[in-house]
Amino acid sequence: MNELERICHDIRVNIIELAFRAGKNSAHCGGSLSAVEILATLYHKHLNWNADDLDNRDRVIISKAHASLVQYCVLESVGRLTKEELYTFEQSGSHYTVHAHKDIEKGLEFSGGSLGLGMSYAVGVAYALKEKGSKARVYVLLGDGECDEGIIWEAMMFAKHNSLSNLTVIVDHNHLQADGFVEDVLDTSNLADKFRAFGFNTLELDGHSIDELSKAYSKPSETAPTAIIAETVKGKGVSFMENKYNWHFTVLPEGKYKKAIAELNAK
Amino acid sequence: MQSDMEHKLDSSVFEGQGQIASIFNLFLPDVIQDYPNLKILSSDMSYGARLERFKAFYPEHFLNVGIAEENLIGVSAGLTSEGYKCVALAQATFITMRCYEQVRQYMSYMGYPIVLVGLSAGLVMQFMGNTHYAIEDLAIMRVLPGIEVLSPADSVEAVRAFEYAISSNKPVYIRLTGSADAPLIYDEYETYNPHKANLLKDGEDISIITTGSMVTPSLEAAKIVEQKTGKSVRVIDLHSIQPLDKETIGSCRDSELIVTAEEHYTIGGLGSVVADILMEKPNSPRLVKVGIDNKYSVVGDYGFLLQQHGLTPEGISQTILKELEK
Numbered sequence: 001m002n003e004l005e006r007i008c009h010d011i012r013v014n015i016i017e018l019a020f021r022a023g024k025n026s027a028h029c030g031g032s033l034s035a036v037e038i039l040a041t042l043y044h045k046h047l048n049w050n051a052d053d054l055d056n057r058d059r060v061i062i063s064k065a066h067a068s069l070v071q072y073c074v075l076e077s078v079g080r081l082t083k084e085e086l087y088t089f090e091q092s093g094s095h096y097t098v099h100a101h102k103d104i105e106k107g108l109e110f111s112g113g114s115l116g117l118g119m120s121y122a123v124g125v126a127y128a129l130k131e132k133g134s135k136a137r138v139y140v141l142l143g144d145g146e147c148d149e150g151i152i153w154e155a156m157m158f159a160k161h162n163s164l165s166n167l168t169v170i171v172d173h174n175h176l177q178a179d180g181f182v183e184d185v186l187d188t189s190n191l192a193d194k195f196r197a198f199g200f201n202t203l204e205l206d207g208h209s210i211d212e213l214s215k216a217y218s219k220p221s222e223t224a225p226t227a228i229i230a231e232t233v234k235g236k237g238v239s240f241m242e243n244k245y246n247w248h249f250t251v252l253p254e255g256k257y258k259k260a261i262a263e264l265n266a267k
Numbered sequence: 001m002q003s004d005m006e007h008k009l010d011s012s013v014f015e016g017q018g019q020i021a022s023i024f025n026l027f028l029p030d031v032i033q034d035y036p037n038l039k040i041l042s043s044d045m046s047y048g049a050r051l052e053r054f055k056a057f058y059p060e061h062f063l064n065v066g067i068a069e070e071n072l073i074g075v076s077a078g079l080t081s082e083g084y085k086c087v088a089l090a091q092a093t094f095i096t097m098r099c100y101e102q103v104r105q106y107m108s109y110m111g112y113p114i115v116l117v118g119l120s121a122g123l124v125m126q127f128m129g130n131t132h133y134a135i136e137d138l139a140i141m142r143v144l145p146g147i148e149v150l151s152p153a154d155s156v157e158a159v160r161a162f163e164y165a166i167s168s169n170k171p172v173y174i175r176l177t178g179s180a181d182a183p184l185i186y187d188e189y190e191t192y193n194p195h196k197a198n199l200l201k202d203g204e205d206i207s208i209i210t211t212g213s214m215v216t217p218s219l220e221a222a223k224i225v226e227q228k229t230g231k232s233v234r235v236i237d238l239h240s241i242q243p244l245d246k247e248t249i250g251s252c253r254d255s256e257l258i259v260t261a262e263e264h265y266t267i268g269g270l271g272s273v274v275a276d277i278l279m280e281k282p283n284s285p286r287l288v289k290v291g292i293d294n295k296y297s298v299v300g301d302y303g304f305l306l307q308q309h310g311l312t313p314e315g316i317s318q319t320i321l322k323e324l325e326k
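Protein chains in written order, with the numbering used here: chain W, 1 to 267; chain D, 1 to 326.
Simulated from the structure, these hints should not be mistaken for lab results. Hints should not be assumed to be uniformly reliable.
As the list claims (entries may be wrong) - Below, computed lysine-lysine pairings styled on DSBU-like, alpha-carbon distance capped at 35 Å:
(1) K102/W x K170/D
(2) K160/W x K55/D
(3) K170/D x K130/W
(4) K201/D x K55/D
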């Protein structure tokens, strides 16, 4: 296990830990576990972020905001959140709720919660940065279920029309949404073809491969917005959660919690 | 800040121009150099907003996102987060309702000080029909925390309200009403103050509290009532629905009858606002709400529509006279 793989392992353990501590409030385990490598690779290897130069920071917008759980854990892994802050997740009065609340100094760019709105916001940010000549990049994480929302496609047309080459959209393509398989709920068919048709420089890769993600983050298009369709497994790393829609947002009881931790630690 | 930015206005140039053209064709091109960070964003409605001249001279200040109101507000929020001041405009019916959740999320919850301009609110879209009438926008916008809701009465007040909004760091919705040939009410207008309603005509017996396009017919209705009854009628232009000048509304308690007049449903708009304030204290006078009943209109020209809902000087005065007979 290399260093970043170890970090991804620790992030998964933290996701399970926080989900258990959330108790009856439930937590979004499935869609957080699927995005671990996507965000960990981005934050640890590619993101330009300096607390003393926030104007030039790369912006990461979690449009599938129910995955704020994994974002909090990744932010803890890069030292922007403390363990104490992390452990307030889903506790009454905490800043760190199911859907992140904007706090730029902590690395939270956007107040999420309504699907699709992060994407629209992101193209506005990218337009502004491009016009101002900033070198900062905008990364936006979408869910494949989220792509049901019409505003996603409005924003995509805007991104292409304005040649927002400073924008990278990552789709966490885990094939599951709240009610079941994406293909059964509303078949979005080949998402990569759709992104290509909308003028995006589109890459398809294994969303759990740090190497493949890293290569993709390294080579965005210089003329068009880039889309990374990341093939992932919902619930990745915990066998009884993998590919199960009912682990989208669920209580994690003690027995299952212990089983999940044991499984992760056996790897 | 606003006083620094305030521009001299020659009100006469706005005569016969209407609120939309006064702001976007006349005022904005003259002052844009004072607002280097200003962006005017539209969902394919700049021609209707009379922005052709502005776009030709200042293309760098304009952005069309296509017919996509939801994305219009999201893009405006993104631009605002990076230091631009954004005005987002479309017909009032679409910019308040098609993207209502985006308005709540970005402008109210996240607090981005976008200026939302609703064109042709009320019934002025005439033969376009009920899909194009915005007669619930005051109700749905005023409930959102932090958003100011302005409803200017004529072109001069509309220009001043717009000037205030683009100089402000608050989220604002401006509701533009009335036809292009609506007469001016104000010759002069100093700094716009959303906290202070304008007393246009004093009187002791009856108070008409009105807003937007209904201010002019209310002034005429007041004269009719005075001639027919000998009573004196006060007329107040409540040009800001949020924030509210509670003191001026409360001061009308000394009347025997309070009337509200609005080109809006009587549910949730100006009438409801005034009722809420009056009910905070005992022994308030009777309140009559003149506005649109909670039903769709029979489509026709603007005059036909106003008459249908009793929103003319004659209609308003008849409602008052009937009430006085009770």
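Tested hints:
1. K102/W x K170/D: holds (18 Å)
2. K160/W x K55/D: holds (22 Å)
3. K170/D x K130/W: The hint holds at about 26 Å.
4. K201/D x K55/D: violated (40 Å)
Of the numbered hints listed earlier, the single one contradicted by the structure is hint 4.
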